[in-house]
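A.B. asks: This is what each chain is made of:
Protein chains: 6
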Amino acid sequence: MKLQHATWQEVEDYLQRASGIIIPIGSTEQHGPNGLLGTDAICPESVAWELGARHDVLVGPTQSIGMAQHHLAFPGSISLRPSTLIAVLRDTVTSLVRHGFTHVFFLNGHGGNIATVNAAFAEIYSGRSLRSDGQSSGALHLALNNWFAGPRVRELAQSLYGDAEGGHATASEVSLSWFARPEAVKDVAMSPRIAPSGSAQCDAEEFRRRFPDGRMGSDPSLSRIEHGERFQAAAVEDTWDAYRAFLGEGLQ
Amino acid sequence: MKLQHATWQEVEDYLQRASGIIIPIGSTEQHGPNGLLGTDAICPESVAWELGARHDVLVGPTQSIGMAQHHLAFPGSISLRPSTLIAVLRDTVTSLVRHGFTHVFFLNGHGGNIATVNAAFAEIYSGRSLRSDGQSSGALHLALNNWFAGPRVRELAQSLYGDAEGGHATASEVSLSWFARPEAVKDVAMSPRIAPSGSAQCDAEEFRRRFPDGRMGSDPSLSRIEHGERFQAAAVEDTWDAYRAFLGEGLQ
Amino acid sequence: MKLQHATWQEVEDYLQRASGIIIPIGSTEQHGPNGLLGTDAICPESVAWELGARHDVLVGPTQSIGMAQHHLAFPGSISLRPSTLIAVLRDTVTSLVRHGFTHVFFLNGHGGNIATVNAAFAEIYSGRSLRSDGQSSGALHLALNNWFAGPRVRELAQSLYGDAEGGHATASEVSLSWFARPEAVKDVAMSPRIAPSGSAQCDAEEFRRRFPDGRMGSDPSLSRIEHGERFQAAAVEDTWDAYRAFLGEGLQ
Amino acid sequence: MKLQHATWQEVEDYLQRASGIIIPIGSTEQHGPNGLLGTDAICPESVAWELGARHDVLVGPTQSIGMAQHHLAFPGSISLRPSTLIAVLRDTVTSLVRHGFTHVFFLNGHGGNIATVNAAFAEIYSGRSLRSDGQSSGALHLALNNWFAGPRVRELAQSLYGDAEGGHATASEVSLSWFARPEAVKDVAMSPRIAPSGSAQCDAEEFRRRFPDGRMGSDPSLSRIEHGERFQAAAVEDTWDAYRAFLGEGLQ
Amino acid sequence: MKLQHATWQEVEDYLQRASGIIIPIGSTEQHGPNGLLGTDAICPESVAWELGARHDVLVGPTQSIGMAQHHLAFPGSISLRPSTLIAVLRDTVTSLVRHGFTHVFFLNGHGGNIATVNAAFAEIYSGRSLRSDGQSSGALHLALNNWFAGPRVRELAQSLYGDAEGGHATASEVSLSWFARPEAVKDVAMSPRIAPSGSAQCDAEEFRRRFPDGRMGSDPSLSRIEHGERFQAAAVEDTWDAYRAFLGEGLQ
Amino acid sequence: MKLQHATWQEVEDYLQRASGIIIPIGSTEQHGPNGLLGTDAICPESVAWELGARHDVLVGPTQSIGMAQHHLAFPGSISLRPSTLIAVLRDTVTSLVRHGFTHVFFLNGHGGNIATVNAAFAEIYSGRSLRSDGQSSGALHLALNNWFAGPRVRELAQSLYGDAEGGHATASEVSLSWFARPEAVKDVAMSPRIAPSGSAQCDAEEFRRRFPDGRMGSDPSLSRIEHGERFQAAAVEDTWDAYRAFLGEGLQ
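Chains as they are written, first to last, in my numbering: chain A, 1 to 252; chain U, 1 to 252; chain P, 1 to 252; chain Y, 1 to 252; chain W, 1 to 252; chain L, 1 to 252.
Incorrect hints may appear among the rest.
The list cannot tell twin chains apart, which means a pair is met if one copy fits it or any two copies do.
With a straight-line Cα cutoff of 25 Å, these simulated DMTMM-like cross-link-like pairs (lysine to aspartate or glutamate) come out [claimed, not checked]:
| hint | residue 1 | residue 2 |
| --- | --- | --- |
| 1 | Lys2 | Asp187 |
| 2 | Lys2 | Glu237 |
| 3 | Lys2 | Glu183 |
| 4 | Lys186 | Glu10 |
| 5 | Lys186 | Glu12 |
| 6 | Lys186 | Asp56 |
| 7 | Lys2 | Glu50 |
| 8 | Lys186 | Asp13 |
| 9 | Lys2 | Asp213 |
| 10 | Lys2 | Asp56 |
| 11 | Lys186 | Glu249 |
Just so you know, the hints here were simulated from the structure itself, not pulled from any lab data.
Starting from the given sequences, assemble the full structure and let the hints guide the process.
C.D. replies: Structure representation (structure tokens):
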């Protein structure tokens with residue numbers, strides 16, 4: 001069930017039987033010569049929508065823009081400052097808590113979001129932990145799950161690409177985005193075949209100096225729609241395991 | 001052309017021949033008994049994507065969450081504080097300006113966003129106007145356009161619904177959202193047929209007191225997918241007129 | 001009754017019989033060759049003080065600086081960023097709510113404030129709507145009323161100036177400011193007689209390029225003190241109607 | 001010369017011959033049984049306007065609301081948080097610097113503003129001092145001057161009231177405000193004659209517990225309009241000395 | 001007792017018998033040719049630790065970085081913006097209040113911190129004073145005490161150095177820091193012997209222009225470890241008096 | 001070389017031959033029954049000071065308070081919100097960049113800081129990456145290194161404690177803090193011997209519910225001063241390797 005396609009009464013009904021929600025979060029940033037700017041949002045959204053189709057779980061609106069400052073030297077990249085993204089996540093979670101949601105599960109498609117999303121969780125919890133008025137705030141469970149880091153997905157990427165998988169603009173994410181958006185497949189040659197590796201801890205100008213076409217250690221010319229279908233299946237299973245474990249938190 | 005489906009090189013090429021972009025902006029908020037929580041994002045997105053399909057204009061990622069504090073007493077509504085949304089728009093525009101965009105056109109689906117988006121524009125311009133270092137910042141044109149307020153759309157709504165159109169959860173927006181998402185059509189009876197009218201200038205509890213099922217002055221049971229198709233056509237024409245006029249700004 | 005001229009006990013007494021307050025809000029910005037930098041504050045202050053003299057209504061301190069970033073290329077203009085003005089209004093309203101005020105009516109003299117003031121209202125309401133601790137916050141009614149937009153004022157401006165009224169540094173506001181501050185009347189020739197028209201949605205440098213002497217579409221050489229007296233009378237009546245209607249909110 | 005009563009061309013002319021400005025800053029807060037809520041703004045405004053009448057010095061718009069959190073348990077008091085007031089002063093000074101002002105002199109009427117105004121100066125200077133791009137920002141001189149702390153004013157208060165002057169809602173400030181606003185004189189008995197003394201470093205509830213009628217160590221029943229006239233004369237001389245010394249800064 | 005060297009159970013026990021804490025706060029900034037960058041943190045820390053050794057009082061972690069924007073043109077100086085330091089102190093005090101501390105006593109070593117720390121206190125109190133939900137927040141006492149301004153310290157500095165004490169990088173603070181850190185004594189000649197005097201109300205470039213080697217009006221070549229020992233003794237006594245008086249607040 | 005014990009001229013000299021700095025960062029938070037509240041600051045400080053003693057590397061002032069919201073239900077814990085800590089690190093790095101430092105290496109003692117420190121790095125880089133004025137900002141290298149995560153330290157902890165090492169209030173960190181502060185060794189029995197394990201992703205109340213005496217999966221009764229000496233030696237070597245590799249960044 002997609003929150004965007006539900007009425008408020010349908011959400012009200014859902015809250016009678018559940019209090020968890022999955023929110024896809026990605027980024028709008030360059031993904032090398034043949035990867036889509038929306039890759040990091042499209043991938044977790046595709047996985048989350050499939051989960052919403054198979055199971056009785058609500059899927060919230062995709063946060064399409066993330067923390068991508070290091071990609072800003074490539075046209076089309078859009079970035080929120082960490083402080084801005086923290087405010088967005090705080091308001092989003094606070095809105096959901098008001099309705100009675102107790103488990104908010106962010107399904108993430110962008111490594112560059114991880115620190116900021118975790119800092120946002122700490123900011124949200126700080127508001128509760130710094131209260132001294134003796135009022136209990138009730139339970140709030142927050143999770144960040146990376147679709148690309150589950151065991152089935154990792155294994156599949158290793159078996160298909162080995163060391164050519166790399167760290168950014170990888171064949172696995174390009175494949176999944178193509179499966180989700182077959183109308184946007186690109187045919188672009190890579191040179192060198194495998195991009196240079198290194199750290200992304202730097203500003204945008206330095207990043208482009210280190211990684212001239214945007215890829216990090218990857219060869220996304222290996223991407224295939226049919227691979228994407230297999231990544232989708234693997235990610236759906238990995239994520240469902242993680243989500244169910246997350247729902248169990250606080251139940252012991 | 002959708003930015004989310006483009007590579008960075010495709011955006012680089014686009015910037016050789018154009019410097020404008022359309023960004024859909026909506027809200028995630030209750031839309032009465034038969035309207036989707038995503039209505040205000042789905043409508044401008046649908047119009048913008050059609051423009052991107054017909055014309056050589058880039059369409060950015062949809063901002064699906066807006067300023068919807070007054071709807072928060074209805075489950076599923078998610079709101080950003082005005083200060084948060086201002087930060088989001090500031091970072092988005094700043095990212096685009098870095099790439100060379102000079103005309104950013106927000107196509108809006110939510111009346112509640114108007115004040116905050118205009119305040120965000122003023123915040124962005126303030127950063128330039130308060131500089132005293134003598135450096136020119138270059139031209140920056142920002143526009144907010146409401147898909148529901150163009151002349152063809154207004155006329156169509158009047159001819160189809162007259163006074164039953166109302167102000168929130170209107171038959172026109174519900175029709176357009178159903179046209180864009182036919183899988184999400186709902187069949188719900190309205191009681192009373194036309195909802196009470198009044199001001200939305202209040203907090204969430206007071207809003208729900210004033211408008212018990214979320215509608216404001218509307219009868220969205222009149223909504224039809226085929227109406228939505230006509231609204232889409234009208235809005236595409238209205239918006240294209242507005243966008244071309246906007247591009248002309250600063251060219252005299 | 002002016003709050004600035006009252007003791008706290010007098011305000012305490014007032015709150016026994018009323019819970020509304022009028023707060024003039026303006027701007028400090030260029031108003032063309034013969035208009036005062038304080039025009040936008042002086043006009044609503046003059047109207048509000050007359051209301052306070054005639055009726056049992058408390059008038060708060062004038063907010064003399066507003067959002068005027070687009071005027072900053074003209075010497076003497078002072079602007080608050082929207083985020084700053086939002087904070088000012090939030091703290092002002094919060095202070096008043098603490099004392100028991102339930103209806104805060106901002107009488108505005110500057111079109112450029114409108115978006116930011118409405119965003120400030122939404123920011124204030126967001127603080128209440130995002131609470132999830134089940135505590136009722138009590139009613140809070142906020143209104144923004146433009147002295148220059150009431151029916152009697154509009155009609156008078158039309159009858160006196162027709163199309164020469166324009167959009168900024170208008171003869172109507174200059175007349176009213178001169179009536180309120182006769183010691184500050186200026187005699188300056190206008191060239192061209194009617195200033196160019198256009199949009200003020202831009203930064204300060206661009207604004208000055210579009211509107212070289214600061215006027216927008218107006219001929220303020222038509223201004224007269226005696227016109228100002230008539231605008232004062234019309235605005236007092238328009239505003240009193242609006243204020244009484246506002247007080248009725250929430251009483252049904 | 002009052003900035004509020006000048007045109008932008010008059011300010012442009014002034015900047016040809018001077019680059020200093022005086023800005024009155026006060027507070028809106030209880031001043032005991034017979035003192036006006038606006039006392040702290042009215043007093044420095046009255047002194048500054050007289051300076052503007054006598055000398056070729058520009059006087060900016062009065063900042064009528066200050067940092068008055070400790071007075072909020074008394075009806076009518078309005079307070080800005082320190083962080084808000086810092087933003088207001090930062091934007092005000094930044095606006096003036098854009099026009100070429102180099103010496104901004106705040107004439108203050110409220111002890112509770114002192115720490116925050118000095119913190120605001122440090123915030124403004126921090127923006128310049130933390131720059132590392134090698135660009136010189138040009139000279140900027142900022143001063144905070146308390147009208148009530150000059151030598152002539154101190155001496156006069158001592159000679160008129162001795163120990164009954166006290167620390168808040170003093171006879172000296174009440175006298176000056178009455179001189180400036182004779183229509184607002186109040187006749188109220190004090191009990192006890194001299195209010196209790198103590199520290200104002202506390203929150204609003206605690207302040208009211210310590211100082212039940214709002215006065216701190218004072219007997220403002222001694223206030224007289226004719227005293228106010230003498231305080232005005234003394235403050236005008238004290239302030240003019242201070243302002244001229246301030247203008248000399250950076251000239252050595 | 002040092003909080004940093006205690007377990008949480010030891011603090012829990014302490015809170016059974018006391019609710020006050022001393023927190024040293026300083027700065028990291030140039031202190032002229034022979035003064036340590038850490039002088040302003042080392043001095044109050046040394047005094048506070050001695051108090052913690054002699055008396056049953058808890059001493060919190062030293063805030064080593066303060067507001068030092070004017071010193072940033074000298075290598076090694078580190079400064080927090082006032083707005084940042086306000087947030088640090090707000091979070092620190094809020095954490096302590098949660099545990100039951102009611103008296104927080106900042107022992108300060110840096111004149112440049114005074115305005116910002118007092119503004120931080122006002123920001124903290126504002127959060128309580130602006131509440132309108134009728135909930136009492138309980139007593140909170142905050143004090144700022146400068147180790148260098150107590151009567152015994154002032155007298156000792158006068159007797160040892162007279163006018164050569166000066167205002168920054170003084171012989172008294174250098175002596176105390178050397179007593180606390182004898183391994184860091186420097187032997188540097190001063191030229192001129194007594195540094196120029198003036199105001200530090202300016203940005204970093206201007207400060208360095210006014211005070212070329214960083215000293216203000218002082219001759220720190222007079223510093224001696226044995227003087228430092230006497231300053232330590234004097235400051236311990238001055239501070240203990242001040243702390244005990246502070247604890248008495250609210251007990252009447 | 002400790003920055004706190006250096007003069008500004010000594011730092012100026014250092015910058016002639018180096019441009020890197022090590023800054024210890026920790027937390028003030030409960031560390032179970034026998035661990036010090038200052039453990040997380042004391043450990044990296046001890047390692048950094050030893051590095052500063054052995055090598056020509058500057059060590060900045062320790063940031064003793066970190067992000068510790070989850071520990072706030074244990075007396076003595078002090079936490080900065082992520083947004084506050086981000087501001088502190090931004091100002092600290094900006095100060096250092098002004099002086100010419102290009103490599104800032106944070107030596108961290110607290111797992112709870114990791115997300116926020118990385119978000120702070122992204123916030124700092126965002127300021128550079130979002131600039132569109134074509135000015136190069138110069139290279140800036142930022143690193144976060146956890147003393148407890150180096151290979152020698154990991155191996156030593158495994159060999160000494162195996163599974164009893166745990167995740168918070170570990171024997172390794174308690175041992176190192178005791179080595180650094182032998183006067184603060186505590187003798188406290190543990191019950192149960194090994195604390196429960198789990199996630200710290202929650203607010204303070206929930207954390208205390210999960211981990212009643214503050215430990216996570218550890219048995220710190222195994223701590224010994226002599227172990228601490230070995231951890232210090234291992235961490236010094238691990239960190240020096242990491243620091244030298246970091247300095248090499250950008251040199252290729």
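A.B. asks: If a hint holds in the structure, say so; if it does not, say that too.
C.D. replies: Status of each hint after checking the structure:
Taking the closest pair of Cα atoms, Lys2 and Asp187 come within 25 Å of each other only across two copies (17 Å); inside a single copy the shortest separation is 32 Å, beyond that limit. Taking the shortest alpha-carbon separations for Lys2 and Glu237, only the intra-copy value of 19 Å comes in at or below 25 Å, while the best inter-copy value is 30 Å. With identical chains, the CA atoms of Lys2 and Glu183 are at most 25 Å apart both within one copy (23 Å) and between copies (11 Å). Taking the shortest Cα distances, Lys186 and Glu10 sit within 25 Å of each other only across copies (11 Å), while inside one copy they are farther apart (39 Å).
Taking identical chains as interchangeable, the C-alpha atoms of Lys186 and Glu12 lie at most 25 Å apart only when they sit on different chains, with a minimum of 16 Å there against 42 Å within one chain. Within a single copy, Lys186 and Asp56 get their C-alpha atoms only as close as 35 Å, which misses the 25 Å cut-off; across copies the closest is 19 Å, which meets it. In this homomeric assembly, Lys2 and Glu50 come within 25 Å of each other (Cα to Cα) both inside a single copy, at 10 Å, and across copies, at 23 Å. For the homomeric pair Lys186 and Asp13, the shortest alpha-carbon distance between copies (15 Å) is at most 25 Å, but the shortest distance inside one copy (43 Å) is not.
Only between protomers do Lys2 and Asp213 lie at most 25 Å apart by alpha-carbon distance; the minimum there is 21 Å, versus 36 Å within a single protomer. Taking the shortest Cα distances, Lys2 and Asp56 sit within 25 Å of each other inside one copy (10 Å), while across copies they are farther apart (31 Å). Taking the shortest Cα distances, Lys186 and Glu249 never come within 25 Å of each other, neither inside one copy (42 Å) nor across copies (34 Å).
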